[in-house]
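K.L.:
All chains, please: the whole structure from these sequences, using the hints.
Each residue of the sequence shown is one higher than the one before, counting from 147 in the working numbering.
These are calculated hints, taken from the structure and not from any lab test.
All C-beta atoms, glycine included, are put in the ideal place defined by N, C-alpha and C.
Do not rely on the hints blindly, as some may be mistaken.
Unchecked claim - Derived Cβ-Cβ restraints for the label pairs, each shown as a range:
(1) 148 - 194: 14 to 24 Å
(2) 172 - 149: 38 to 48 Å
(3) 181 - 217: 48 to 58 Å
(4) 201 - 158: 15 to 25 Å
(5) 206 - 181: 41 to 51 Å
(6) 161 - 209: 28 to 38 Å
(7) 210 - 157: 26 to 36 Å
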Amino acid sequence: MTATITPITAPTPVAVDSLLTAGKAILYVYEDPDGSLSSDCTGCGEYAWTLDVDRGFAQAHAESCLRRPRPFRLAA
Numbered sequence: 147m148t149a150t151i152t153p154i155t156a157p158t159p160v161a162v163d164s165l166l167t168a169g170k171a172i173l174y175v176y177e178d179p180d181g182s183l184s185s186d187c188t189g190c191g192e193y194a195w196t197l198d199v200d201r202g203f204a205q206a207h208a209e210s211c212l213r214r215p216r217p218f219r220l221a222a
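P.N.:
What follows is the structure in structure tokens.
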């Protein structure tokens, strides 16, 4: 008997924008495969997601986030 293994991979979000926050961190904005937008902040670590396809939610966070960028650490 022969088995076929097919890897299941999730579609990858596409980076569409990056915004500098008030604290000088970077807020990355992604378009997800379903057309929604998500963002990830390198300052406070907040992950946000919205079905409303506009970047207003990301702009509002970038203007109000005062956290400085977190140091990058490699996993052990």
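K.L.:
Next step is simple, just say for each hint if it's right about the structure.
P.N.:
Hint by hint, here is what the structure shows:
1. 148 - 194: 14 to 24 Å: 46 Å, violated
2. 172 - 149: 38 to 48 Å: 44 Å, holds
3. 181 - 217: 48 to 58 Å: Since the Cβ atoms of residue 181 and residue 217 sit about 34 Å apart, the hinted range of 48 to 58 Å is violated.
4. 201 - 158: 15 to 25 Å: 20 Å, holds
5. 206 - 181: 41 to 51 Å: 20 Å, violated
6. 161 - 209: 28 to 38 Å: Since the Cβ atoms of residue 161 and residue 209 sit about 20 Å apart, the hinted range of 28 to 38 Å is violated.
7. 210 - 157: 26 to 36 Å: About 30 Å separates the Cβ atoms of residue 210 and residue 157, which means 26 to 36 Å holds.
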